[in-house]
Amino acid sequence: MVLLAAIVLAAASPSPSPSPSAATARQTEADEYTRYELLAPGTGRFHILYEVTATTPGATRFFNPIRKGSVATDESVRDRLTGRALAFTVVSGKEARAEGLPDADPGERFIAVVLPRPVPPDGEVRLLIEKTYQDPKSYFVEGDHIVFARGLGIKRNSVVLPAGYELVACSVPAQVLTETDGRIAVSFMNPFPGEAAVVVKARRLP
Amino acid sequence: MRPAFVLVAAAIGLTPGAMAQEEPPRLAERAHQDRTIVYFLHAPETHAFDLYHDYTESREGMDHYLNVVRKGSTVSGPRARILDTGEALKSEILKGEAIAAAHLDIGEPVRPDSEVVVVRFPPVARGASLRLRISETYTDPERYRLDGDELVWDRSFGRPRNAVVLPAGWMLTASAIPATVSETADGRIRLDFVNPRPDEIAVLVKARRRGPAH
Numbered sequence: 001m002v003l004l005a006a007i008v009l010a011a012a013s014p015s016p017s018p019s020p021s022a023a024t025a026r027q028t029e030a031d032e033y034t035r036y037e038l039l040a041p042g043t044g045r046f047h048i049l050y051e052v053t054a055t056t057p058g059a060t061r062f063f064n065p066i067r068k069g070s071v072a073t074d075e076s077v078r079d080r081l082t083g084r085a086l087a088f089t090v091v092s093g094k095e096a097r098a099e100g101l102p103d104a105d106p107g108e109r110f111i112a113v114v115l116p117r118p119v120p121p122d123g124e125v126r127l128l129i130e131k132t133y134q135d136p137k138s139y140f141v142e143g144d145h146i147v148f149a150r151g152l153g154i155k156r157n158s159v160v161l162p163a164g165y166e167l168v169a170c171s172v173p174a175q176v177l178t179e180t181d182g183r184i185a186v187s188f189m190n191p192f193p194g195e196a197a198v199v200v201k202a203r204r205l206p
Numbered sequence: 001m002r003p004a005f006v007l008v009a010a011a012i013g014l015t016p017g018a019m020a021q022e023e024p025p026r027l028a029e030r031a032h033q034d035r036t037i038v039y040f041l042h043a044p045e046t047h048a049f050d051l052y053h054d055y056t057e058s059r060e061g062m063d064h065y066l067n068v069v070r071k072g073s074t075v076s077g078p079r080a081r082i083l084d085t086g087e088a089l090k091s092e093i094l095k096g097e098a099i100a101a102a103h104l105d106i107g108e109p110v111r112p113d114s115e116v117v118v119v120r121f122p123p124v125a126r127g128a129s130l131r132l133r134i135s136e137t138y139t140d141p142e143r144y145r146l147d148g149d150e151l152v153w154d155r156s157f158g159r160p161r162n163a164v165v166l167p168a169g170w171m172l173t174a175s176a177i178p179a180t181v182s183e184t185a186d187g188r189i190r191l192d193f194v195n196p197r198p199d200e201i202a203v204l205v206k207a208r209r210r211g212p213a214h
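Same order as they appear, the protein sequences are chains W and Z. For what it's worth, the working numbering labels the leading residue of the first sequence as 1, then goes sequentially. For what it's worth, the working numbering labels the leading residue of the second sequence as 1, then goes sequentially.
Treat the hints loosely; a few may be bogus.
Unchecked claim - Computed beta-carbon distance windows for the label pairs:
no., chain 1, residue 1, chain 2, residue 2, range
1, W, F192, Z, E200, 18 to 24 Å
2, Z, D105, W, P65, 43 to 49 Å
3, Z, P141, W, T73, 55 to 61 Å
4, Z, T46, W, T73, 56 to 62 Å
5, W, T73, Z, E150, 56 to 62 Å
6, Z, E150, W, V199, 42 to 48 Å
7, W, V199, Z, K71, 47 to 53 Å
8, Z, R209, W, G182, 55 to 61 Å
9, W, V168, Z, P178, 27 to 33 Å
10, W, A169, Z, A176, 30 to 36 Å
11, W, P65, Z, A202, 36 to 42 Å
Bear in mind the hints are in silico, worked out from the structure with no lab data behind them. Nothing here was measured: the structure is a model prediction, and the numbers come from that model. Even for Gly, the Cβ is constructed at its ideal location relative to N, Cα and C.
Model the full assembly from the supplied sequences, consistent with the hints where possible.
Structure, rendered in structure tokens:
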């Protein structure tokens with residue numbers, strides 16, 4: 001259950017002491033990339049692998065929102081420098097507001113990651129956040145198609161179809177690739193400031 | 001299963017020797033490539049520019065990075081550090097016989113005038129990765145120059161993400177490739193290029209000195 005307090009993974013590093021200046025500095029991040037792996041059609045579930053780099057100098061926690069309307073499970077976070085799992089909690093928007101996200105929606109929930117080391121000056125801490133969302137409004141069945149329709153604010157993304165499905169539509173210009181396990185992936189970059197209104201449709205192969 | 005991590009050859013006036021045998025397949029996932037290069041132009045009559053180049057090294061056991069300097073360009077002041085930790089790394093410029101003596105594979109025959117920047121770092125452990133920043137100064141009289149009173153930057157970029165920062169006091173007058181434009185904190189004009197396609201973009205930027213309005 002995501003609302004349980006501390007979820008500390010076995011290999012997590014101890015929490016560094018927060019610095020007063022970093023505690024109130026606005027959170028900054030860079031180099032985001034999201035991979036959406038569509039799970040079984042009809043479940044509304046998709047697995048997310050989110051690469052993000054924390055860049056706020058001195059920061060010791062990093063907040064990642066859980067989108068409203070999505071039910072998140074199976075969260076995990078890794079330090080990409082070492083590959084080790086990191087500790088995290090799920091906190092309220094109010095708490096995120098107090099620690100670097102002044103615009104956080106108080107009604108939203110956030111994954112608060114304990115960084116393995118304070119962000120170095122002019123440096124970064126790279127994270128891999130994984131979670132599974134259930135969001136039937138974003139991923140649903142329509143006739144004999146499956147549809148993934150979601151506004152994506154991250155600028156680099158890929159959507160991987162379930163095994164045994166062919167791509168029949170994609171609303172944004174995208175690379176189409178075949179994974180080593182045979183699944184079809186669409187991958188794109190959004191150079192514009194707004195969200196990309198992504199609609200991907202696929203059909204089961206006979 | 002994720003696609004294999006793919007390294008893309010540089011387009012910064014040099015060739016990364018460590019990747020010389022790993023040409024970017026056209027079917028590599030472009031959006032996942034995370035190399036970024038930012039160029040800071042000096043006065044155009046010097047033909048010089050600083051750059052920093054960020055990339056993630058995730059190949060198990062890899063412990064060095066090579067930049068083979070393209071003929072006609074010169075390099076100076078290489079510096080490197082691990083962005084994840086802030087740790088400074090040793091970097092050096094090797095030439096000719098010194099390259100052969102170091103047993104470095106630069107992806108091409110070593111000539112007497114071959115020049116390579118070598119950055120060494122701790123071997124990458126399995127499942128781990130390093131984010132590196134390599135900073136250098138280049139001169140390239142052919143591709144960065146002053147034509148009359150006009151600054152001309154005429155270089156191809158192979159990376160998905162590149163940026164060019166004009167020298168202080170210069171105004172942007174042309175950019176052949178679409179770019180987002182912004183102003184740095186110190187008033188310089190910055191162009192950011194995003195190329196989602198697996199090809200090079202032939203960037204042509206022109207600028208002129210700011211003067212009184214006509």
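For each hint, the structure was consulted:
In this structure the supplied range 18 to 24 Å holds for W:F192 paired with Z:E200, their Cβ-Cβ distance being about 22 Å. Our hint of 43 to 49 Å for Z:D105 and W:P65 holds, since their Cβ atoms are close to 45 Å apart. Taking the beta carbon of each, Z:P141 and W:T73 are about 59 Å apart, inside 55 to 61 Å as hinted. Between Z:T46 and W:T73 the CB atoms are about 57 Å apart, so this pair conforms to the stated range of 56 to 62 Å.
Range check, W:T73 to Z:E150: Cβ separation about 58 Å, and the 56 to 62 Å hint holds. Remark: the range hint 42 to 48 Å for Z:E150 to W:V199 is upheld by a beta-carbon distance near 45 Å. Range check, W:V199 to Z:K71: Cβ separation about 48 Å, and the 47 to 53 Å hint holds. At about 57 Å, the CB distance of Z:R209 to W:G182 agrees with the hint of 55 to 61 Å.
Checking the proposed 27 to 33 Å range against W:V168 and Z:P178 shows it holds: the Cβ atoms sit about 30 Å from each other. For the hinted restraint 30 to 36 Å between W:A169 and Z:A176, the CB-CB distance of approximately 33 Å keeps it satisfied. Judged by the Cβ atoms, the range 36 to 42 Å given for W:P65 and Z:A202 holds: they are separated by roughly 39 Å.
Of the numbered hints listed earlier, not one is contradicted by the structure.
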